[in-house]
Amino acid sequence: DTLSYIEAALLRLEKKTRTLSGQSMLQDRVKMIGQTLEDLPRRGPHVGSVQAFLLSSEKRGVATKELITRWEEEIGPIPGVKSLTFAGMNTGPPGDPIEIWVQGHRMADILAAAKELMARLDKFDGVYQIRSDYSAGKNEIRFSLKPEARTLGLTVEDLARQIYTGYFGDEALRLQRGRDDVRVKVRYTADERRRLADLDQVRIRTPNGFEVPLRSVADVTYAPGYAEIGRVDGMRRVVVSAGVDTQKANAAEIFGELNAHFFPELMHKYPGLKVAQQGEQKKMREAFRPLAFGYPLALLGIFIIIATIFRSYAQPFVIMFTVPFGIIGAILGHLVMGYNLSMISMFGMVALTGVVVNDAIVLTERVNENLAEGMPFFEAIIAGGARRFRAIILTTVSTVGGLAPLIMETNFQARFLIPMALSLAAGVAFATALTLVLVPSLLAILNDLRLVTHRLRKGYWPKRVEVEPARDRHVDLMADDPEAIQPWKFKTMDN
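In the numbering used here, the protein residues as written are -5 to 489.
Keep in mind that a hint or two might mislead.
As the list claims (entries may be wrong) - In the DSS-like style, the derived pairs of lysine-lysine whose C-alpha atoms are separated by at most 30 Å in a straight line are:
hint : residue 1 : residue 2
1    : LYS10     : LYS242
2    : LYS109    : LYS277
3    : LYS53     : LYS242
4    : LYS109    : LYS242
5    : LYS242    : LYS9
6    : LYS117    : LYS242
7    : LYS25     : LYS53
8    : LYS140    : LYS25
9    : LYS59     : LYS9
10   : LYS9      : LYS76
11   : LYS59     : LYS263
12   : LYS263    : LYS117
13   : LYS109    : LYS263
14   : LYS10     : LYS25
15   : LYS76     : LYS59
16   : LYS76     : LYS117
17   : LYS276    : LYS76
18   : LYS242    : LYS268
19   : LYS109    : LYS59
20   : LYS59     : LYS25
Claimed, not checked - Restraint ranges, calculated between C-beta atoms of paired labels, are given here:
hint : residue 1 : residue 2 : range
21   : SER435    : SER15     : 49 to 57 Å
22   : LYS132    : ASP185    : 22 to 30 Å
23   : HIS255    : PHE297    : 26 to 34 Å
24   : GLN170    : THR215    : 42 to 50 Å
25   : GLN21     : VAL431    : 37 to 45 Å
26   : PHE297    : GLU68     : 54 to 62 Å
27   : LYS132    : GLU1      : 49 to 57 Å
28   : LEU411    : LYS25     : 28 to 36 Å
29   : ASN244    : ALA191    : 54 to 62 Å
30   : ASP185    : SER129    : 29 to 37 Å
31   : ASP227    : LYS132    : 24 to 32 Å
32   : LYS277    : GLU1      : 30 to 38 Å
These aren't lab readings, by the way, just hints derived from the structure by calculation. Every value quoted in this text rests on a predicted model; they were computed, and no experiment measured them. Backbone N, C-alpha and C define an ideal beta-carbon position, used for all residues, glycine too.
Using the sequences provided together with the hints, build the complete structure.
Written as structure tokens, this is what we have:
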């Protein structure tokens, strides 16, 4: 049978596949007739499933998606099968990587557009298991009213009601027999309803009381019906979905190309058609939507805290300038390690925002303390970098070292956390290397701007230390004790 054929293809694939450990790829298998393996299984004599239990991923060395693709190729086309679905264990957002809803009001346009979409997806390398949820039903007879029938006063409702009454009956009388209610229905005899040729004998009564042959007022066609019609927002819908081999293709790039050219052309070709991206893409949009409000709010909170501590509105911008460089480092880390950016990666970047500012804060605080103690400006920056160099490097080494075992982990259960750890580790390492160079440079640029502002306002060039607010941070604290101010007198050395 069909399931045995699919199982035999799996056994052939096992013989062709070499694992990393040399063990057999297939540990066990189960064949079930009459039930599928979905979350909401379908049951019936027309469905079945084959489940394969594979060797663990670290010992197998072959990705599940690659095995699914090769299994599908090994099976090939199966005559008479309406749907053949392959699925593995998912660790990302629910839904297929590619899931597109084709919506409209005319079913013929929807099916034609879905067919073109499936053909276009088939041209992308790395896209597999392309399918739609449309399933043709049993053959049915369709009646459409001819234009000349309307001149007789007939409507589609009259045509449908009379044909239904002839074959399924209409209540003509209701009798009461004791406690029972007996309904009497009138319809054609069993012999008159047995053959399709008997449709030629059907008569349709006009509003004027005349009877005309069915074929003279209606066109009769035979076509497959619809097993199920999905609707969303009052529009008919067909779902086209596919899997993506991340080693060969990227779902975001595929959607980008489809949105740029194919979808506009498709909607122009079929007016009234609507295309919506669902599945994994929808879940990611829903997950990122709160970040559009929460992330700027978090940045604002960090800015307020830093501004309160430093009593400055300018230095917090210098410190927060390390945030985008941390994100750049996280992206470079994914590129070097060969990982695609995912939802978990983005969450790691959000957490990274609060980490990368720490090194900049301790460095800037040390520079401010040096300025408050009376050091010349550039000497304060150099001394601050030297004083905090060890703390900054040790913080980075401990963070990256602590996350390294997780990044190098090969166990399947831990792999979905690796992008988050990679975002943190690579972002912190990259931002730290820049902090020791970028933050002092930005502080010097900020000092230049303050000098220019002072020159424009008061007409002369001051000393660099004189325009730094941190110079006076201890004066207010010791104003009540004049003798205590003496140790904090500022050097007059020009910088």
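A quick look at each hint next to the structure:
Proximity of LYS10 to LYS242 is assessed by CA-CA distance (about 21 Å); at most 30 Å being required, the pair is judged to hold. At most 30 Å may separate the alpha-carbon atoms for a hinted pair to count; LYS109 and LYS277 meet this at roughly 25 Å. Distance check on the hinted pair: LYS53 and LYS242 sit about 22 Å apart at the alpha-carbon level, within 30 Å; holds. Between LYS109 and LYS242 the alpha-carbon distance is near 24 Å, which keeps this suggested pair within the 30 Å criterion.
For a cut-off of 30 Å, the pair hint linking LYS242 to LYS9 stands: about 24 Å separates their Cα positions. Proximity of LYS117 to LYS242 is assessed by CA-CA distance (about 13 Å); at most 30 Å being required, the pair is judged to hold. Proximity of LYS25 to LYS53 is assessed by CA-CA distance (about 25 Å); at most 30 Å being required, the pair is judged to hold. Distance check on the hinted pair: LYS140 and LYS25 sit about 52 Å apart at the alpha-carbon level, beyond 30 Å; violated.
Our distance criterion of 30 Å between C-alpha atoms is met by LYS59 and LYS9, whose separation comes to about 18 Å. The suggested pairing of LYS9 with LYS76 holds, with an alpha-carbon distance near 28 Å, which does not exceed 30 Å. Among the hinted pairs, LYS59 with LYS263 is inconsistent with the structure: their alpha-carbon atoms are about 34 Å apart, more than 30 Å. Distance hint between LYS263 and LYS117 is fulfilled; the C-alpha atoms sit about 20 Å from each other, no more than 30 Å.
With a C-alpha separation of about 13 Å, the suggested pair LYS109 and LYS263 falls inside the 30 Å cut-off, and the hint holds. Using a Cα cut-off of 30 Å, the hinted pair LYS10 and LYS25 holds, with the two alpha carbons roughly 21 Å apart. Note on LYS76 and LYS59: the hinted pairing holds, with a Cα-Cα distance of about 22 Å set against a maximum of 30 Å. Restraint check: the Cα-Cα separation between LYS76 and LYS117 comes to about 22 Å, which is no more than 30 Å; the hinted pair holds.
A threshold of 30 Å between alpha carbons decides the hint, and for LYS276 with LYS76 the separation of about 27 Å falls inside it, so the pair holds. For the hint linking LYS242 to LYS268, the alpha-carbon distance of about 29 Å falls within 30 Å, and the restraint holds. Between LYS109 and LYS59 the CA atoms are separated by roughly 24 Å; this keeps the pair inside 30 Å, and the hint holds. Using a Cα cut-off of 30 Å, the hinted pair LYS59 and LYS25 holds, with the two alpha carbons roughly 21 Å apart.
Between SER435 and SER15 the beta carbons are some 52 Å apart, a value that agrees with the proposed interval 49 to 57 Å. Between LYS132 and ASP185 the Cβ separation comes to about 23 Å, which falls inside the hinted range of 22 to 30 Å. Range check, HIS255 to PHE297: Cβ separation about 42 Å, and the 26 to 34 Å hint is violated. In this structure, GLN170 and THR215 meet the distance hint of 42 to 50 Å, their C-beta atoms being roughly 44 Å apart.
At roughly 53 Å, the beta carbons of GLN21 and VAL431 sit outside the given window of 37 to 45 Å. Range check, PHE297 to GLU68: about 58 Å between beta-carbon atoms, so the 54 to 62 Å window is met. Under the hint 49 to 57 Å, the C-beta atoms of LYS132 and GLU1, about 30 Å apart, miss the expected range. Taking 28 to 36 Å as the suggested C-beta distance range, the pair LEU411 and LYS25 conforms, at roughly 34 Å.
With their beta carbons about 58 Å apart, ASN244 and ALA191 fall inside the hinted range of 54 to 62 Å. Judged by the Cβ atoms, the range 29 to 37 Å given for ASP185 and SER129 holds: they are separated by roughly 34 Å. At about 28 Å, the beta-carbon gap between ASP227 and LYS132 stays in the expected band of 24 to 32 Å. At roughly 33 Å, the beta-carbon separation of LYS277 and GLU1 lies within the given 30 to 38 Å, and the hint holds.
Comparing the model with each numbered hint stated earlier shows that hints 8, 11, 23, 25 and 27 do not hold.
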